[in-house]
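Peer 1: Work out the full structure: start from the sequences and follow the hints.
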Amino acid sequence: MRLRICFATYALFLGLAVLPVPSWGIINVTDDIELEGFVKTQNILRTPMFQDAELIMQRNTAQLEGKYYFLRESQAFGRFGTGPLEEATLTLIGRGVYDSIYDIRHTYSEAFGKDERLNRQFEYKLREAFVDLVLPPFTLRLGRQQVVWGETDNFRALDVINPLDLRWHANWEPWEDIRIPLWMARAIYDIGKVGPLEESFVEAVWIPWDFQPNKVAADPRRPWPFIGDGLSAVANSAMIEEALLDLDLTVRDGKPSKKFKNGQAGVRFKAIWGGIDFSLNYFYGFSADPGFKFRSGRLEGNTLRAVLETEHPRSHVVGIAANYSEEKYTQSVFRAETTFTTGVPVTIAPGASARIDPDQNQFDTANRSVVMLAIDRPTWIRPLNDIRTFFLSAQFFWRRYLDYSRLYRGIPSVRRAHMDGEAVPGRFISTNSDKIDQNEFVITFSASTSYGPGGLWQPLFVFALDPLSTGAYNKFAMDYLWSNYFVLRFEQNFFWRVSGHDPGPWGIGDLYGRPRDSRHESVFSAIVQF
Amino acid sequence: MEKQALQGPVSFLSYFLMVALAVVLSGFWVPPTTALASPDQSYDTLRHWIEHARPETELTPGQHLTLKDRAVLESYIPQTAWEYYFYDGMDMEITETGTYPPPEGWGQNVPSGYQLDEQGVLTGFKGGGFPFPDISEDDSKAAQKVIWNMLWRPGAEDYVMPMVAWSRSPNGQLDRQFEFTAVASRYAQGDHCLVPGYEEVKTKQLMEFRSPRDMAGAKMLTKTYVDHYKEDDGWMYMPAQRKPRRTLASERTSEVMGMDFIMEDFIGFGGKVYEHNWSYLGKRRVIATMNVETNPEAGGPHLWVPKDARWEVRGAHVLLIDPKSDSHPYSHKIIFVDTETFWTLWMFGFDRQDDHLLRMNQHFLKYSEGFAHETATQAPYMKLDYANNVGQGIFYHLGETDINAKKPHATYMHCYVMTRHFSSGRAKQFYSVRNMVSGRR
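Line by line, the protein sequences are chains A and B.
In terms of this note's numbering, the first sequence opens at residue 1 and continues consecutively.
In terms of this note's numbering, the second sequence opens at residue 1001 and continues consecutively.
Watch out, some of these pointers could steer you wrong.
Only pairs whose alpha carbons sit at most 30 angstroms apart, straight line, appear in this in silico DSSO-like list of lysine-lysine [claimed, not checked]: (1) A:K328 to B:K1383; (2) A:K193 to B:K1272; (3) A:K67 to B:K1383; (4) B:K1383 to B:K1324; (5) B:K1141 to A:K328; (6) A:K328 to B:K1324.
Since the hints were derived computationally from the structure, they do not count as laboratory data.
Peer 2: What follows is the structure, given as structure tokens:
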């Protein structure tokens, strides 16, 4: 049945894409209804050390976006006067996904039961559905949506309102596609010029009940599991006092229920002062990353029955973001962002003293600050391109635990169980030796331009480095815009490190670049868009 | 064990990867930029044409000129453009040279007290008319005065303008087609400002793309100031980022969005006056698509120039613009500005490397009163009420062609323009950074 729905969806999208309409872009179904979207096939070859190649993803996505202008110039449906309500639109964005890797490769198809496989193969979602209402100077967006604050690219500081879905390809996809839209209200009141401030406005968001955590794939059978600095396996054993026990682990979901008392809200004031475009931000929500509270451990015979409960602590995020376009000396746009966040869940090493872990549940919350500095610059590099500039963007991101403990632990990992110095076949234990650093850094750089008479070749280079763990990531990508309808994309992702074994906090490279888990990959995509 | 089974050697895949990488890297190769450099297109040739070519045959209204009339036309079309504008099947209809009154009250509420400073920059001017309605050829600042009239001409803003642009290679091969809409308002209106309290602002413009899909929803807000020394401000909203991004305004010499023009060539000159040296080369008579019936179709072997359009003989101020910066892509730029309306008719930018044509543009204009009796084409994706245009006493920019001679490549553009005057309150809301924090998605 799902397969039939999938094929029907594809047929619909392909049909729309090749409709003989006068527009090459958005399709006007009527004067008031517009459609656009794309069909994309994305094929990922994992190329460990470039000696082998393994197809790990064959993801086919169809996205359809519709916009209905049901109120224009204070007239709804062309009939009813709406007074000060000048404009209103309805926007719907739906996405259907079929990853055929779970059919075409036995490695994946046989690893899962039927239902599990179907859940990983298919996704149908009305991702966004919102109404925009314009009552100058007031605007309101109601519905399921994404809201992005701050100046940081691809790291979380103020951009924390929507959680991320990192299950299918971690955070290597455009964040627009991996943010999880939430049901919320977003209101903006335009103030304009007041005193020395220009372009000022106040914005408020309210998420009444819709909390969702970041989604991470921990299942090692999936192509992009988040398994830390360990083996691609599930812990089935525990080692207590030199005894190897079977492990029966229960993880209870402690995420906030869909009730108004679990609402989230934020407000920001944005303005320009002396050419500096700045915003003051506050968001009161829950940590989208879960913490794990150790609830109980009971020994039954040779089995340890342990219970963990996820916890999403309440969190305050206070921050300032700013940008400034310096046109004379550096011809650059400078960006900055700083935040103070409470309620960051952390794991405490087992056996910590009561002073550090009073509840002895290996869980605590921390306060954390972020400072981000960035520079954007369109730059001529004439030996490489004499008709178009390169857009260069560099970013320095510094995160610091303000109430740091040396017993804070990061990502757990699975290792082989050993008895008397020998590995025990088929027995795996979970350990956590990943000590969190008080200061965490990451530096990123990207360069893009376009080539060819019509600018149809669009290369992109990305570099990210964690200077403490020395983990790094490189992307070389090239889009070829075959036509308005058809885009070909090739990407090569490299994950590597300079030295050491520290997995680092970002997962930008070192986790994925080791010989036994090298995730270098080549991505081939074809996109039909309309 | 399972891992080994998964990752067995697949040598053809490695080979495939290498081939794919080679194909991708080959995209970085850029052909030498000397293609189609014609001797007719040198800077010296155009200077010679400006100084020596004088029409010997008057053109008469109603006359249709074809390729066999080339000899007549050569003294009316700048020589640099001959390569593109003379072709088999060309048909230029000549119409009477018109006189085009400016808007009612134009020039009557211009506050005094403005002047040109030593760099040729206009200071203290707040709009309401041409700053220099009378241009004397003997004036050492004549070129700057012409350009200030061009920059403050009526009809340069206060519109909603859906556009379609065709990006074409030689032989008419269509590479991309863009659809986008610009909405602009002039704030500085002489003795008053459109939005009281914003007297420092000259204009604001909001432009949004709707096609192709990879650019749909991208929008740009641009703010220019009455004080020419104050750099413009800009923000861009990209749907993929879901937030506005501050842009740098002072880089104006890179081709934008895969099209063939640079911001500094906008309507002939869209840069900063003080970054250039200016010379006035006199007046010339040229033909121009001055008051076309509607958006002219593209013609010529490459579909780079207007076809079957209505042309008019116009007097033009000829300005020589020499960039002060050694890193500027142009050695010289020459523009022809209409002597009555101060709209740019032709622009030629010459490559710093060899003094041959790098880019040119030519503009298609229509006078407001023509909308009363001629049916204008509607934009393919937006209906405009052209009756709004009648009685405005201004010109509308119905499109242009931008040719990069070195690639070679061209962007041919149709603009569908309707006057739109914003109320103070609406302008304040519409042209705001608040309006840039979200978009169509």
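Peer 1: Work down the list of hints and note, for each, if the structure agrees.
Peer 2: Against the structure, the hints come out as follows:
no.: 1; hint: A:K328 to B:K1383; result: 42 angstroms, violated
no.: 2; hint: A:K193 to B:K1272; result: 27 angstroms, holds
no.: 3; hint: A:K67 to B:K1383; result: 17 angstroms, holds
no.: 4; hint: B:K1383 to B:K1324; result: 44 angstroms, violated
no.: 5; hint: B:K1141 to A:K328; result: 26 angstroms, holds
no.: 6; hint: A:K328 to B:K1324; result: 15 angstroms, holds
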